[in-house]
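*Asks:* For the record, the sequence lines run as chains P and L. Here UniProt numbering is used: the first residue of the first sequence is 1, the next is one more, and so on. Here UniProt numbering is used: the first residue of the second sequence is 1, the next is one more, and so on.
Everything labelled a hint here was simulated from the structure, so no lab data went into it. C-beta: ideal position from N, C-alpha, C; glycine also. You may find that some hints are simply not true.
Here are the in silico distance ranges between beta carbons for each label pair [as the list claims (entries may be wrong)]:
#1 P:Lys147 with L:Lys72: 36 to 42 Å
#2 L:Ser84 with P:His80: 34 to 40 Å
#3 P:Pro74 with L:Tyr204: 52 to 58 Å
#4 P:Met118 with L:Leu114: 37 to 43 Å
#5 P:Ile101 with L:Ala100: 33 to 39 Å
#6 P:Lys55 with L:Ile83: 35 to 41 Å
#7 L:Ile78 with P:Pro70: 51 to 57 Å
#8 L:Ile193 with P:Val65: 53 to 59 Å
#9 L:Leu120 with P:Lys114: 37 to 43 Å
#10 L:Gln90 with P:Leu105: 21 to 27 Å
#11 P:Val49 with L:Ile83: 45 to 51 Å
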Amino acid sequence: MESQYKSGSNIGGLESGEKEVAIANKRKMRGWDFVLRFLALGLSLAAAVVLGVNKEKTTVPVSLVPTMPPVNVPVTAKWHYLSAFVFFVVANAIACAHAAISLVLSLASVSGKKGISMVIIFFDLVMVALLFSGVGAALAIGLMGYKGNSHVGWKKVCNAFDKFCDQAAAAISLSTVAALLFFLLVVLAALNLHKKH
Amino acid sequence: MASTYARTPENEKATEPLASEYPKTVATPRHVMAEPREPPRYFAVVEVVLRFLLLASAVVAVVVMVTSKQSKTLVIPISPFQISRTAKFQHSPAFIYFVAALSFAGFYSIITFLFSLHALLKPGYHPKVVSHFVILDVLLLGIMAAATGSAGGVAYIGLKGNSHVQWAKICDLFDDFCKHIGASIAVSLFGSIVLALLIVLSFYSLSKRIPK
Numbered sequence: 001m002e003s004q005y006k007s008g009s010n011i012g013g014l015e016s017g018e019k020e021v022a023i024a025n026k027r028k029m030r031g032w033d034f035v036l037r038f039l040a041l042g043l044s045l046a047a048a049v050v051l052g053v054n055k056e057k058t059t060v061p062v063s064l065v066p067t068m069p070p071v072n073v074p075v076t077a078k079w080h081y082l083s084a085f086v087f088f089v090v091a092n093a094i095a096c097a098h099a100a101i102s103l104v105l106s107l108a109s110v111s112g113k114k115g116i117s118m119v120i121i122f123f124d125l126v127m128v129a130l131l132f133s134g135v136g137a138a139l140a141i142g143l144m145g146y147k148g149n150s151h152v153g154w155k156k157v158c159n160a161f162d163k164f165c166d167q168a169a170a171a172i173s174l175s176t177v178a179a180l181l182f183f184l185l186v187v188l189a190a191l192n193l194h195k196k197h
Numbered sequence: 001m002a003s004t005y006a007r008t009p010e011n012e013k014a015t016e017p018l019a020s021e022y023p024k025t026v027a028t029p030r031h032v033m034a035e036p037r038e039p040p041r042y043f044a045v046v047e048v049v050l051r052f053l054l055l056a057s058a059v060v061a062v063v064v065m066v067t068s069k070q071s072k073t074l075v076i077p078i079s080p081f082q083i084s085r086t087a088k089f090q091h092s093p094a095f096i097y098f099v100a101a102l103s104f105a106g107f108y109s110i111i112t113f114l115f116s117l118h119a120l121l122k123p124g125y126h127p128k129v130v131s132h133f134v135i136l137d138v139l140l141l142g143i144m145a146a147a148t149g150s151a152g153g154v155a156y157i158g159l160k161g162n163s164h165v166q167w168a169k170i171c172d173l174f175d176d177f178c179k180h181i182g183a184s185i186a187v188s189l190f191g192s193i194v195l196a197l198l199i200v201l202s203f204y205s206l207s208k209r210i211p212k
């Protein structure tokens with residue numbers, strides 16, 4: 001609509017130069033959009049996979065009777081034992097799927113239909129909230145596993161499951177970066193709209 | 001399309017440099033204005049209402065969380081001793097973060113509420129900073145979602161316990177505490193949704209170029 005008015009009313013080198021700058025600007029923005037989206041896709045996929053394959057078997061010494069030597073008991077830690085981790089993996093999978101679909105959609109409609117881009121921005125916003133809440137939940141539970149909570153008698157488990165905890169921490173940091181990328185995508189869209197004013 | 005909304009003289013003045021680019025839209029026919037559409041003030045009013053809701057929910061969530069302290073006296077079956085146990089939100093780092101984040105959200109929403117109220121009362125005056133509030137809104141949405149998620153994760157363990165890592169549930173003992181925590185998280189979730197609606201509204205009015 002804008003460009004129609006422009007081409008219809010403004011004839012002259014200055015205006016066309018401005019228009020070229022605007023188009024170049026838009027193209028640059030679009031390129032950033034692709035890069036950020038692609039990175040977000042990869043990072044959220046990596047976060048979901050890293051936590052999704054997280055499993056550790058180990059043995060912990062348990063002393064049944066104080067005078068006897070402790071007995072080694074095999075224990076397993078799996079990611080789906082903790083509901084916060086399940087939520088985290090599901091949130092990251094959803095974000096990954098959204099990133100893939102939106103990447104395809106924005107590649108397919110390079111001309112940029114306004115409705116589709118608004119829907120994509122809306123879901124970007126939803127992904128920001130979803131990923132941040134997933135990171136928050138997983139981080140809170142991970143911290144509980146790392147430090148324990150003496151007030152309610154929840155013991156720490158990371159002294160036994162060190163690899164499990166490291167992997168969970170890696171997944172959480174990956175997902176944090178993915179959430180920040182989605183945040184940047186929304187900010188980019190907002191600035192883009194501002195520029196059109 | 002956009003300038004059909006620019007009705008007040010102040011707004012027309014504000015869009016003067018733009019108007020030279022769109023000569024067609026300057027002379028808006030009268031009948032276009034009479035279209036059965038929501039007037040632009042509608043958006044400003046909705047924004048003020050949503051920002052007030054955000055402020056209210058942040059304050060309520062913080063107050064409910066801070067007042068959640070509960071003490072219980074436990075009788076140990078065999079021995080004659082009694083022990084007193086207290087549950088406070090300060091016992092969990094997730095709840096401390098929750099209170100900090102929601103306090104910040106309340107503080108931020110006071111400022112933006114005043115700005116949007118001012119914009120509603122004086123339509124012409126529109127500083128450039130205000131239109132960039134949407135970026136801070138998105139940031140605050142991230143902070144609030146993380147707070148709700150972390151508090152929710154810990155509260156779920158408190159409610160259900162976890163047999164795999166031997167974390168016993170505590171909500172059967174501290175029922176009042178858990179009610180407070182649950183209510184606070186629910187209010188915070190409501191606040192997050194309100195904030196998301198605000199952002200969507202900002203984007204919508206930005207894309208339609210409706211002056212606030």
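*Asks:* State for each hint whether it applies.
*Replies:* So, going through the hints one by one against the coordinates:
1. P:Lys147 with L:Lys72: 36 to 42 Å: Given a distance of about 24 Å, which is not inside 36 to 42 Å, the answer is violated.
2. L:Ser84 with P:His80: 34 to 40 Å: About 37 Å separates the Cβ atoms of Ser84 (chain L) and His80 (chain P), which means 34 to 40 Å holds.
3. P:Pro74 with L:Tyr204: 52 to 58 Å: The hint (52 to 58 Å, Cβ to Cβ) holds, given that Pro74 (chain P) and Tyr204 (chain L) are roughly 57 Å apart.
4. P:Met118 with L:Leu114: 37 to 43 Å: The hinted range 37 to 43 Å is violated for Met118 (chain P) and Leu114 (chain L), with Cβ atoms some 29 Å apart.
5. P:Ile101 with L:Ala100: 33 to 39 Å: Between Ile101 (chain P) and Ala100 (chain L), where Cβ atoms are some 35 Å apart, the hint holds.
6. P:Lys55 with L:Ile83: 35 to 41 Å: holds, 39 Å
7. L:Ile78 with P:Pro70: 51 to 57 Å: violated, 27 Å
8. L:Ile193 with P:Val65: 53 to 59 Å: Holds: the Cβ-Cβ distance is about 54 Å, inside 53 to 59 Å.
9. L:Leu120 with P:Lys114: 37 to 43 Å: violated, 27 Å
10. L:Gln90 with P:Leu105: 21 to 27 Å: Since Gln90 (chain L) and Leu105 (chain P) have Cβ atoms about 47 Å apart, the given range 21 to 27 Å is violated.
11. P:Val49 with L:Ile83: 45 to 51 Å: This hint holds: roughly 46 Å between Cβ atoms.
In the structure shown, a violation is registered for the earlier hints numbered 1, 4, 7, 9 and 10, in ascending order.
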